[in-house]
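Listed below, chain by chain, are the residues.
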Amino acid sequence: MITERDLIERSRSGDAQAFSCLVGRYEDRIYRLAKHVCVGLSAEADDVYQDTFLTAFKKLKYFRGDSELGTWLYRIASNLCLMRRRKKSSEPFVPLLDRPRDHDDGEAHQFRDWSPTPEEAANKKELVEKVTGALAKLPMDYRLVLTLRDVEGLSTAETAKILKLSAAAVKSRLHRGRLFLRDEFERAFGAKESKR
Amino acid sequence: MKLERLSCRRRVALLLDYLDRELPAPERKLLARHRASCRSCAGLLASLERTVRTLHALNRAAKPPAAARRALAAKLRNI
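Chains as they are written, first to last, in the numbering used here: chain A, 1 to 196; chain B, 1 to 79.
Since the hints were made in silico from the structure, they are not lab data.
Cβ atoms here follow ideal geometry from the backbone N, Cα and C, with glycine treated the same way.
Mixed in with the good hints there might be a few duds.
[To be verified] No farther apart than 30 Å at their CA atoms in a straight line, the calculated lysine-lysine pairs in the DSBU-like style are these:
| id | chain 1 | residue 1 | chain 2 | residue 2 |
| --- | --- | --- | --- | --- |
| 1 | B | Lys75 | A | Lys130 |
| 2 | A | Lys87 | B | Lys63 |
| 3 | A | Lys59 | B | Lys63 |
| 4 | B | Lys75 | A | Lys58 |
[Said to hold, decoys possible] A short list of chain A residues far from chain B (calculated; beta carbon distances all over 10 Å):
| id | residue |
| --- | --- |
| 5 | Thr3 |
| 6 | Arg12 |
| 7 | Arg32 |
| 8 | Phe53 |
| 9 | Ile76 |
| 10 | Asn79 |
| 11 | Leu82 |
| 12 | Arg84 |
| 13 | Glu119 |
| 14 | Asp141 |
| 15 | Glu152 |
| 16 | Leu163 |
| 17 | Gly190 |
When you get a sec, could you build the whole thing from the sequences and use the hints?
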């Protein structure tokens, strides 16, 4: 069986077929990241997906192997998303994120049960649309952290490494982003505590 | 460590590490006990757990469109 290390070595020497095998292993993850971070612009997601692998193929000789290949690819894709954002002037402005909400919500928030109903969960397309819509309201910096941590399931340390942020900065964006999404989900899925 | 004596900010930081399973076992046990007795912290954790669970709905198979895959394959052949 051909190992990933073999495929990397062969790709380094220009073997496009070996590199295609690597693309096959990682393309779903990279496309998913691009789609959620460049939310609403499918052409951008397609471009980020293609450019990530083209960049990786050209720069594979610089990949030292001290991190997972997947982590390295996530970093390239994240950088491409950020570069595209810089070219655009508009970003969602979310005033709540500028306020120090890190330690609120203890007593003040009414903790309603807004979980998607079994019917909503079963209708995955609609559920995904609602969740994607809420995510789209956040600035890209937050979408990147939330997608890497809560969608892709990476650790704080891995996310910090990919985005070249401190662990504290990742946690701060994660918490503020989650509080924002919690309120959005509450509105989207409605308060159902009286029915339970 | 008494959680009630910690500043609000420090307590929330610990709760978040608990939520993300990034606490060592002894502190994790302490937080679990605190959660069982503190309505406010239990409510915050439950609402954030629901948020993370809901967001995780996006982790589904996401195949790149066939046209994008073909375009990438063609570009790789021409490098």
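Hint by hint, here is what the structure shows:
Distance hint between Lys75(B) and Lys130(A) is unfulfilled; the C-alpha atoms sit about 35 Å from each other, more than 30 Å. For the hint linking Lys87(A) to Lys63(B), the alpha-carbon distance of about 27 Å falls within 30 Å, and the restraint holds. Taking the CA atoms of Lys59(A) and Lys63(B), the gap is about 24 Å. The hint holds against a cut of 30 Å. About 12 Å separates the Cα atoms of Lys75(B) and Lys58(A), which keeps this hinted pair within 30 Å; it holds.
Look at Thr3(A): its CB is around 21 Å from the nearest CB on chain B, clear of 10 Å, so calling it non-interface holds up. The beta carbon of Arg12(A) is kept farther than 10 Å from every beta carbon of chain B, the shortest such distance being approximately 13 Å. Annotated as non-interface, Arg32(A) brings its C-beta within 10 Å of a C-beta of chain B; the closest such distance is 4 Å. For Phe53(A), the condition that its CB be more than 10 Å from all CB atoms of chain B is violated, with the nearest at approximately 6 Å.
Even its closest Cβ contact with chain B, about 14 Å, leaves Ile76(A) beyond 10 Å, as expected for a residue assigned away from the interface. With a cut of 10 Å on Cβ distances, Asn79(A) stays outside the contact zone with chain B, its closest approach being about 18 Å. The non-interface label for Leu82(A) is consistent with chain B: the shortest C-beta to C-beta separation is roughly 20 Å, beyond 10 Å. Every Cβ of chain B is farther than 10 Å from the Cβ of Arg84(A); the closest lies at roughly 16 Å, confirming the non-interface assignment.
Under the 10 Å C-beta cut-off, the non-interface status given to Glu119(A) relative to chain B holds; the minimum distance is some 14 Å. At the 10 Å boundary, the C-beta of Asp141(A) stays outside the reach of chain B, the nearest C-beta of that chain being 16 Å off. The Cβ of Glu152(A) does not lie farther than 10 Å from every Cβ of chain B; its closest approach is about 7 Å, which violates its non-interface assignment. For Leu163(A), the requirement that its beta carbon stay farther than 10 Å from each beta carbon of chain B is met, with the minimum near 16 Å.
The beta carbon of Gly190(A) is kept farther than 10 Å from every beta carbon of chain B, the shortest such distance being approximately 13 Å.
Checked against the numbered hints above, the structure breaks hints 1, 7, 8, 15 and satisfies the rest.
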